[in-house]
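J.: Numbering (numbering that gives the first Met the number 0), first residue to last: 0 to 338.
It should be emphasised that the hints constitute simulated quantities derived from the structure, not laboratory data.
Just so you know, not all the hints are guaranteed correct.
Pairwise CB distance ranges (calculated) [to be verified]: (1) Val309 x His197: 17 to 23 angstroms; (2) Phe320 x Leu43: 25 to 31 angstroms; (3) Thr85 x Leu165: 30 to 36 angstroms; (4) Lys64 x Ile289: 39 to 45 angstroms; (5) Cys316 x Ser205: 34 to 40 angstroms; (6) Leu183 x Leu114: 18 to 24 angstroms.
Simulated pairs of lysine-lysine, DSSO-like, Cα-Cα distance not exceeding 27 angstroms [unchecked claim]: (7) Lys145 x Lys64; (8) Lys180 x Lys22; (9) Lys251 x Lys282; (10) Lys282 x Lys64.
Note that beta-carbon positions come from the ideal geometry of N, C-alpha and C, so glycine has one too.
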Amino acid sequence: MFTKHLKKKISEWVGIDNPSQFKRLNIGIILGLGITVLYSILNLSLPPRDWQVVFRAGALRDFTKVATPYWSLFLSYLPAQFPEETGYIIWTGIGVVLLIATLLYFKSSVVLVFLAYQLHWIIFYGQIDLYVIFGLPLGLWAVDRKHPYILGVALLLLLIKPQYGLLPAIILFFWSSERWKSSLVVIGGVILSFLVWHNWVAVLLSQWQIYRNPSLAAEFHHEQGNTSLHIPLWIGAILSLGVLFLPINGEKKILSLLSISFLISPYSTVYSQLAMLVFPLPKWFYVFAIIPWFVAIIWGPFDHWSWLAVFPLLVFCYTIFPLFQKAKQRKIEKEQKWK
């Protein structure tokens, strides 16, 4: 009974009753359990990391290291009520489930994504990106199925990491036919965060001052594996507006805007690039998921990451490449017509 119900829900989510999807689901469950158990065991003997000092601590009202909008702490509140190790398992387990749902929606390679260095970084440190990334398929699904309130939830998830979630959130919002309903959810989530944590904006802005200090920003870039090309915002704005009018499907528009975000954001981390890897990219793109393992082994996890700025640049070219193919095809047809 439960299996039939689960299959029905998966079919509704991915939009097709395809046996191969259920096979990929089984693979995802096996890999997800494996990776969760592995890092849960490692977590017992490692010093505190992002889960402990940011998201768990923030939910328990220690905001020293919190650098995301505080509604993100609603996600970590329940896991934070458990002992540290148990909370990490719950936090990671939910994130992995959301990742599997994301891969099923986009029909992406489960195995290749689970091999990605970026994913292992997120799980090892207990980062929140798996929750943020889930906002992408959830938002597309909500727009397609006309669920404005669910879209509002997706927007809140994406805006936890505005450095790459803002542009997709904006276009998803304007694609909705009932934007005011989505706005109610977003505004409600923000107001609720103010009721719980009164002056969080001032505290958060003080955390963000690091990006306004050139020497601190340079140190941060070196230490945290920043990959941004720091392309001027005006160029990013022109590219983003251009993408809106391109004759490509909604999924590729979202991917294109993601790639632009990683190119212009002052803070573009290695692990956050998983947001692009969850899309159904050509297989050769996954070299950018595997090579980082060797870089980390040789030089360490926080150095030599600037080269990964090539990845979003290539993704952007990939999203607009069909236009060049169409233009070439039209040229050939025109030449044949005049022969």
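J.: Hint by hint, say whether it matches the structure.
T.: Hints, one by one, checked against the model:
no.: 1; hint: Val309 x His197: 17 to 23 angstroms; in the structure: violated (43 angstroms)
no.: 2; hint: Phe320 x Leu43: 25 to 31 angstroms; in the structure: violated (47 angstroms)
no.: 3; hint: Thr85 x Leu165: 30 to 36 angstroms; in the structure: holds (34 angstroms)
no.: 4; hint: Lys64 x Ile289: 39 to 45 angstroms; in the structure: violated (30 angstroms)
no.: 5; hint: Cys316 x Ser205: 34 to 40 angstroms; in the structure: holds (38 angstroms)
no.: 6; hint: Leu183 x Leu114: 18 to 24 angstroms; in the structure: violated (40 angstroms)
no.: 7; hint: Lys145 x Lys64; in the structure: violated (37 angstroms)
no.: 8; hint: Lys180 x Lys22; in the structure: violated (37 angstroms)
no.: 9; hint: Lys251 x Lys282; in the structure: holds (16 angstroms)
no.: 10; hint: Lys282 x Lys64; in the structure: violated (37 angstroms)
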